[in-house]
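Peer 1: Sequence:
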Amino acid sequence: MIRQGSGMTINIALATADCIVLGCDSLSSIIQSAIFPYMHGAEPACDKDGMPLLDEDGNMLIPLRFDTMRPVATHVFSGVNKMFCIYEDESKDTVVGAVTSGLAILEGSTIAELAKRFRRQTVESRAEYRTVEQVARAFTDFIGEIWARDQKDIPQNYRATVQFLIAGYGKDDPHGKIYRSDTMANQLAEQFDEAPHSGLCWAGQADYVERLIQAVDSQLRSAVGRELSKAMTAQRELTIADLSKALIDKNINLPEDLEIQVTEHQPTTLPWQQFRADIDYANLSTQYAIHLVEMLVNTQSGMQRFARGIPTVGDVPTSASSSREKDCSCSTLRLWSTSTRGTAMNNDLYFNAGRATFRDGEVRSPKASERAGAASTKPPSTPPVKTKIYSVVVKQGTLKIASAPRKVR
629 MIRQGSGMTI NIALATADCI VLGCDSLSSI IQSAIFPYMH GAEPACDKDG
679 MPLLDEDGNM LIPLRFDTMR PVATHVFSGV NKMFCIYEDE SKDTVVGAVT
729 SGLAILEGST IAELAKRFRR QTVESRAEYR TVEQVARAFT DFIGEIWARD
779 QKDIPQNYRA TVQFLIAGYG KDDPHGKIYR SDTMANQLAE QFDEAPHSGL
829 CWAGQADYVE RLIQAVDSQL RSAVGRELSK AMTAQRELTI ADLSKALIDK
879 NINLPEDLEI QVTEHQPTTL PWQQFRADID YANLSTQYAI HLVEMLVNTQ
929 SGMQRFARGI PTVGDVPTSA SSSREKDCSC STLRLWSTST RGTAMNNDLY
979 FNAGRATFRD GEVRSPKASE RAGAASTKPP STPPVKTKIY SVVVKQGTLK
1029 IASAPRKVR
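Residues in the sequence shown are numbered consecutively from 629, following our numbering.
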């Protein structure tokens, strides 16, 4: 089975009292499922006498265990757009963006292209959404229908999902909202729904991010839980055996109809939360929030360089911040990328009412009359490289975008 995408990407969403920041990498992988028969100490298939089983050609047979099946990346592509604006009303009061992980292509179209199709449909149908949840549900349903058609001929146990972190500001929302969407499970869950409505969440391949922020990752928590369950079950069996032996040794005869139900084990909740990084997300400034998201994306990407196997997270880190303008009621969505090589980003970029398109490292420049009086919004700092700066005019300000950086001679 060959899939493009899988969970091999990194998505980050950070909510503060001042803004929401999204981050992701820009690699896409071709994934195949492979069996590793000798994982976890597995041995060749043997007969009752312990002799290896052979086929008619004398080849050794191995047991097929699905717990030894792993997704393996065979090809990796860079410059993939995993971040996009999915809705923006005319007044800019409701602005919603998203980052994606999972399958990269559905019915022959990339997820980014499907997001553009969703935007076009909302414009053509004059759909009006006043909350982030309304946009998130409509987008989840839209992608869900396409996913169902794409996956209908694949056995259910082998289907891959598409996930999104959907975030932004709605006209009727009291604060910024972040939602986690899972297409296969048909689930949409709000993140940080309790005060102070701030925090950090992630999707995709985020094991190093989890270890940095929480001191443990989900795989470690699952492994510890399994070992605790096995140990408590073994302790239960030993307790029953010891009690039975003690009664027999004392010649104590219990009634034949006596039944004693011994609880196998009580669910154990370990204090994982006590070891989280002590970060006051709510009070982070916009610039600090951007730097934090960029650092986390680069951490996951950087560790992939040294881990065994083909790096499946990396290339150009992309960030977007969304916030309400302090001098008006509208919302803004700012997107940028940082890189020490190649073109900064080769996909459409949406910011308020302005739109810029990268073509071979160039950006369409605004008219001088449009630039007059526009405020300046500077993207986060990049490594020390020589860079051209272009401007994209919008209603409320100017976004400076870094084009293809060149090495300093």
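One should not assume that every hint holds.
DSBU-like cross-link-like pairs, simulated, lysine-lysine; straight-line CA separation at most 35 Å [claimed, not checked]:
| no. | residue 1 | residue 2 |
| --- | --- | --- |
| 1 | Lys744 | Lys780 |
| 2 | Lys744 | Lys676 |
| 3 | Lys858 | Lys676 |
| 4 | Lys878 | Lys858 |
| 5 | Lys676 | Lys799 |
| 6 | Lys873 | Lys858 |
Calculated directly from the structure, the hints in this document are not laboratory data.
Peer 1: Hint by hint, which ones does the structure fall short of?
Peer 2: As far as the earlier hints go, 2 and 5 are violated by this structure, in ascending order.
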